[in-house]
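Visitor: Here's the letter readout for the chains.
Number of protein chains: 2
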Amino acid sequence: MKSFITYGRDSHFPIENIPFGVALINGEKRIVTAIGDYVLDLKMLEGIGYIFQEKKVFQTETLNEFMGCGKKVWTDARNRIQKLLDADNAELRDSEVIRNECFHLMKDVEMVLPVSIGDYTDFYSSREHASNVGEMFRGKENALMPNWLHIPIAYHGRSSSIIVSGEDVRRPKGQTRPDPNAAPVFGASKQMDFELEMGFFIGTGNNLGENITVENAEEHIFGMVVVNDWSARDIQAWEYQPLGPFLAKNFATSISPWIVTLDALQPFRTEGPKFEKELLPYLQTKGNPTFDINLEVKLKSGKMDEAVMICESNYKYLYYNMRQHLAHHTVNGCNTRTGDMMASGTISGPTKDARGSMLEITWRGTEPIKLPSGEERKFIEDGDTVIMRAYAKGENYTVGFGEVKAKLLPAK
Amino acid sequence: MKSFITYGRDSHFPIENIPFGVALINGEKRIVTAIGDYVLDLKMLEGIGYIFQEKKVFQTETLNEFMGCGKKVWTDARNRIQKLLDADNAELRDSEVIRNECFHLMKDVEMVLPVSIGDYTDFYSSREHASNVGEMFRGKENALMPNWLHIPIAYHGRSSSIIVSGEDVRRPKGQTRPDPNAAPVFGASKQMDFELEMGFFIGTGNNLGENITVENAEEHIFGMVVVNDWSARDIQAWEYQPLGPFLAKNFATSISPWIVTLDALQPFRTEGPKFEKELLPYLQTKGNPTFDINLEVKLKSGKMDEAVMICESNYKYLYYNMRQHLAHHTVNGCNTRTGDMMASGTISGPTKDARGSMLEITWRGTEPIKLPSGEERKFIEDGDTVIMRAYAKGENYTVGFGEVKAKLLPAK
Numbered sequence: 014m015k016s017f018i019t020y021g022r023d024s025h026f027p028i029e030n031i032p033f034g035v036a037l038i039n040g041e042k043r044i045v046t047a048i049g050d051y052v053l054d055l056k057m058l059e060g061i062g063y064i065f066q067e068k069k070v071f072q073t074e075t076l077n078e079f080m081g082c083g084k085k086v087w088t089d090a091r092n093r094i095q096k097l098l099d100a101d102n103a104e105l106r107d108s109e110v111i112r113n114e115c116f117h118l119m120k121d122v123e124m125v126l127p128v129s130i131g132d133y134t135d136f137y138s139s140r141e142h143a144s145n146v147g148e149m150f151r152g153k154e155n156a157l158m159p160n161w162l163h164i165p166i167a168y169h170g171r172s173s174s175i176i177v178s179g180e181d182v183r184r185p186k187g188q189t190r191p192d193p194n195a196a197p198v199f200g201a202s203k204q205m206d207f208e209l210e211m212g213f214f215i216g217t218g219n220n221l222g223e224n225i226t227v228e229n230a231e232e233h234i235f236g237m238v239v240v241n242d243w244s245a246r247d248i249q250a251w252e253y254q255p256l257g258p259f260l261a262k263n264f265a266t267s268i269s270p271w272i273v274t275l276d277a278l279q280p281f282r283t284e285g286p287k288f289e290k291e292l293l294p295y296l297q298t299k300g301n302p303t304f305d306i307n308l309e310v311k312l313k314s315g316k317m318d319e320a321v322m323i324c325e326s327n328y329k330y331l332y333y334n335m336r337q338h339l340a341h342h343t344v345n346g347c348n349t350r351t352g353d354m355m356a357s358g359t360i361s362g363p364t365k366d367a368r369g370s371m372l373e374i375t376w377r378g379t380e381p382i383k384l385p386s387g388e389e390r391k392f393i394e395d396g397d398t399v400i401m402r403a404y405a406k407g408e409n410y411t412v413g414f415g416e417v418k419a420k421l422l423p424a425k
Numbered sequence: 014m015k016s017f018i019t020y021g022r023d024s025h026f027p028i029e030n031i032p033f034g035v036a037l038i039n040g041e042k043r044i045v046t047a048i049g050d051y052v053l054d055l056k057m058l059e060g061i062g063y064i065f066q067e068k069k070v071f072q073t074e075t076l077n078e079f080m081g082c083g084k085k086v087w088t089d090a091r092n093r094i095q096k097l098l099d100a101d102n103a104e105l106r107d108s109e110v111i112r113n114e115c116f117h118l119m120k121d122v123e124m125v126l127p128v129s130i131g132d133y134t135d136f137y138s139s140r141e142h143a144s145n146v147g148e149m150f151r152g153k154e155n156a157l158m159p160n161w162l163h164i165p166i167a168y169h170g171r172s173s174s175i176i177v178s179g180e181d182v183r184r185p186k187g188q189t190r191p192d193p194n195a196a197p198v199f200g201a202s203k204q205m206d207f208e209l210e211m212g213f214f215i216g217t218g219n220n221l222g223e224n225i226t227v228e229n230a231e232e233h234i235f236g237m238v239v240v241n242d243w244s245a246r247d248i249q250a251w252e253y254q255p256l257g258p259f260l261a262k263n264f265a266t267s268i269s270p271w272i273v274t275l276d277a278l279q280p281f282r283t284e285g286p287k288f289e290k291e292l293l294p295y296l297q298t299k300g301n302p303t304f305d306i307n308l309e310v311k312l313k314s315g316k317m318d319e320a321v322m323i324c325e326s327n328y329k330y331l332y333y334n335m336r337q338h339l340a341h342h343t344v345n346g347c348n349t350r351t352g353d354m355m356a357s358g359t360i361s362g363p364t365k366d367a368r369g370s371m372l373e374i375t376w377r378g379t380e381p382i383k384l385p386s387g388e389e390r391k392f393i394e395d396g397d398t399v400i401m402r403a404y405a406k407g408e409n410y411t412v413g414f415g416e417v418k419a420k421l422l423p424a425k
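Chains as they are written, first to last, in this note's numbering: chain Z, 14 to 425; chain E, 14 to 425.
Please keep in mind that the hints were generated in silico from the structure rather than gathered at the bench.
In this text the structure is predicted, and so the values were computed from the model without any measurement.
Some hints could be false.
If several chains are the same, the list does not tell them apart, and a pair holds so long as it fits within one copy or across any two.
[Claimed, not checked] With a straight-line cut-off of 25 Å between C-alpha atoms, the simulated SDA-like cross-links for lysine to any residue are:
(1) Lys153 with Pro197
(2) Lys42 with Arg350
(3) Lys203 with Gln297
(4) Lys153 with Ala250
(5) Lys85 with Pro381
(6) Lys425 with Leu292
(7) Lys425 with Val198
(8) Lys425 with Glu231
(9) Lys42 with Glu78
(10) Lys42 with Asn77
(11) Lys420 with Arg402
(12) Lys68 with Pro191
(13) Lys68 with His163
(14) Lys42 with Met124
(15) Lys42 with Ser129
Could you put together the complete structure from these sequences and hints?
Guide: So, in structure tokens, the structure goes:
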């Protein structure tokens with residue numbers, strides 16, 4: 014496949030991708046896709062009849078209506094957009110007036126939150142992450158809780174504070190107890206962290222009382238994004254027992270603006286890890302249930318000109334896959350709705366350089382990292398920018414997610 | 014105050030109340046209030062100009078638009094509705110044609126979910142409940158976690174599965190580990206429980222990065238409902254560490270259909286409990302920060318003709334109040350939005366008959382209760398109906414919430 018729009022083989026947005034997002038164009042939120050260095054205005058193309066669907070779904074300010082239409086509509090739309098961008102198809106290629114209107118340089122447009130998000134769930138599906146954290150807090154022998162190898166552990170997160178790449182994050186205040194023998198204190202968090210995650214969006218949901226099986230799960234999943242699950246470790250340590258993380262997480266969760274469809278990820282299917290304990294039948298998946306997606310985290314302090322790589326991981330390292338996430342989430346009859354987001358939990362890998370949080374990278378602050386600027390970091394400092402990128406490598410092309418980037422501002 | 018609609022002094026819906034809800038009338042969702050045994054169609058009254066507001070807010074299918082207008086609009090609307098119902102005011106009293114159209118017998122209309130709920134948070138604010146549960150699982154010495162007397166502990170719940178009174182609940186399936194030395198098993202929960210709670214709805218929210226103080230909290234709160242936080246104890250016990258309850262709760266949460274405003278609850282203000290440890294300043298409240306609201310739970314098995322009382326508690330027993338809930342929730346800059354719901358956690362009281370869950374009433378099944386039918390109950394069985402009611406007692410009147418009622422259906 015070749016487009017009349019040109020781009021390099023490392024571009025995240027070749028004709029093989031066709032992600033979906035929402036851009037602010039002339040002050041209006043418009044549904045778009047990305048190709049090379051451009052965003053392509055799908056609202057306009059649908060409006061003038063270049064994209065024809067039973068129902069017009071690109072005229073709204075979020076992707077929800079489109080996402081609710083189901084897999085056939087998603088696939089048909091992607092196919093049609095690829096056809097429009099095809100170097101051998103004259104329709105759009107030779108319509109100069111329309112081309113001048115519908116393409117915008119990506120660097121000139123602001124991307125906004127693409128989905129009206131209903132419920133947000135965060136899993137805890139990296140064995141390496143759960144083991145690292147467990148070892149730090151409970152010792153090596155008891156690193157994994159007894160349930161971990163049987164259940165994709167998860168908790169409900171806060172959807173109101175999910176923000177898009179580019180929005181700054183304010184350091185939260187809260188209760189911590191730095192001295193276990195003294196009373197708690199109030200103030201700005203001193204242990205700000207990121208968590209490298211990926212998330213998927215529900216396209217079509219299920220009714221209350223029904224469930225989605227591992228076999229059908231992917232039919233319900235619209236696509237994926239990169240997620241930075243910002244965490245305040247000192248607030249978390251003091252508040253999390255017995256009901257889990259709350260204020261340590263719900264001040265901000267950043268996502269990348271482009272939703273990459275499962276259709277675009279098909280060439281990158283791969284096996285998951287071997288399961289150490291036999292899973293209950295409702296969690297058993299066949300074939301290649303996960304995806305080979307490279308993940309990177311870079312950090313840039315206010316004194317640095319260029320960001321430095323601090324983590325290289327891969328989505329395939331996750332112990333539990335998306336099919337298992339969705340099957341587990343609904344096995345009790347819990348309903349899901351168009352626009353719900355489910356994140357993976359921190360994706361750490363088997364090596365030290367694949368640790369997906371500062372907590373793990375600096376082993377709770379005991380092994381600070383050195384930055385090229387000469388600065389040291391135990392956790393994230395005010396003015397630091399965290400940039401996460403994800404991409405899958407084909408033979409001559411890349412299917413990428415772009416990035417999720419956010420700067421930490423000082424507490425108010 | 015006296016209405017031309019007559020009712021007894023125990024009616025939950027006197028002219029002093031004026032709760033808000035949404036009823037299905039001729040197949041259409043319409044915003045209504047309650048008076049005596051009637052629902053009153055506010056959509057119609059606004060439509061014909063009997064209720065005049067700057068913006069028409071009763072023409073939609075949920076209360077969200079009205080709730081987003083802020084406290085002055087809520088108070089003005091309530092005052093105007095009271096005026097319309099006043100025995101001394103001829104406007105509605107003597108307009109027979111309109112009266113015949115806008116009143117419907119409550120028993121003839123179905124109530125639906127009144128709000129499009131965004132995020133749902135569940136607190137854990139009853140000291141008696143936290144102590145009872147802690148004692149059962151960790152022994153009397155360690156009953157309360159060290160953070161409990163300093164923080165209103167909470168977790169995020171699932172909003173998609175919040176249902177309204179009258180909807181049946183399906184017993185969930187899931188993973189449990191009845192034998193701690195064997196592998197987990199899959200099947201229907203065997204320890205179904207209710208939790209007696211109350212919840213409040215956010216009317217006007219706060220922006221990300223800002224916070225709501227204890228002093229301003231009540232300006233943001235639209236009103237309250239009764240909540241049954243259905244819980245599957247065996248699923249909970251196996252899944253909850255370390256991130257809190259998930260599938261044990263998210264299969265269903267039932268709420269009462271009428272939202273009682275804080276204006277209606279003013280006469281029932283009361284002190285809360287004394288705080289054993291001095292709270293951090295952002296959690297210190299003055300005056301009478303809570304409300305004297307009687308709470309009841311009744312149970313009816315399939316063999317019984319009448320429900321039997323199994324719990325009598327009171328909202329005022331809660332250690333932490335709503336002002337503290339909202340101030341704590343936002344102290345880290347977490348944003349809230351119109352329609353968010355925050356529940357209290359199980360409201361148990363100081364006496365045995367004030368325990369707000371079967372877990373506590375039967376002390377984890379070790380002290381089953383006897384029903385008038387001769388049956389025994391450790392937990393809730395298929396075909397059982399759980400009915401919760403809440404009401405505040407004035408000198409000659411009652412301000413009530415009606416009930417939240419749901420029957421447990423067998424697992425599929």
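Visitor: Decide, hint by hint, whether the structure agrees.
Guide: For each hint, the structure was consulted:
For a Cα distance limit of 25 Å, the shortest separation of Lys153 from Pro197 across copies, 23 Å, qualifies, whereas the shortest one inside one copy, 28 Å, does not. In this assembly of identical chains, Lys42 and Arg350 lie within 25 Å of each other by CA distance both inside one copy and across copies; the values are 22 Å within and 21 Å between. Taking the shortest alpha-carbon separations for Lys203 and Gln297, only the inter-copy value of 24 Å comes in at or below 25 Å, while the best intra-copy value is 41 Å. When the C-alpha separation of Lys153 and Ala250 is checked against a cutoff of 25 Å, the pair qualifies both within a copy, at 19 Å, and between copies, at 23 Å.
When the C-alpha separation of Lys85 and Pro381 is checked against a cutoff of 25 Å, the pair qualifies neither within a copy, at 49 Å, nor between copies, at 53 Å. Taking the closest pair of Cα atoms, Lys425 and Leu292 come within 25 Å of each other only across two copies (22 Å); inside a single copy the shortest separation is 47 Å, beyond that limit. In this homomeric assembly, Lys425 and Val198 come within 25 Å of each other (Cα to Cα) only inside a single copy, at 17 Å, whereas the closest approach across copies is 49 Å. For a Cα distance limit of 25 Å, the shortest separation of Lys425 from Glu231 across copies, 23 Å, qualifies, whereas the shortest one inside one copy, 43 Å, does not.
In this assembly of identical chains, Lys42 and Glu78 lie within 25 Å of each other by CA distance both inside one copy and across copies; the values are 14 Å within and 22 Å between. Taking identical chains as interchangeable, the C-alpha atoms of Lys42 and Asn77 lie at most 25 Å apart whether they share a chain (13 Å) or sit on different chains (23 Å). For the homomeric pair Lys420 and Arg402, the shortest alpha-carbon distance inside one copy (15 Å) is at most 25 Å, but the shortest distance between copies (49 Å) is not. Taking the shortest alpha-carbon separations for Lys68 and Pro191, neither the intra-copy value of 57 Å nor the inter-copy value of 51 Å comes in at or below 25 Å.
Neither within a single protomer nor between protomers do Lys68 and His163 lie at most 25 Å apart by alpha-carbon distance, with minima of 43 Å and 54 Å respectively. In this assembly of identical chains, Lys42 and Met124 lie within 25 Å of each other by CA distance solely inside one copy; the values are 9 Å within and 36 Å between copies. For a Cα distance limit of 25 Å, the shortest separation of Lys42 from Ser129 qualifies both inside one copy, at 13 Å, and across copies, at 23 Å.
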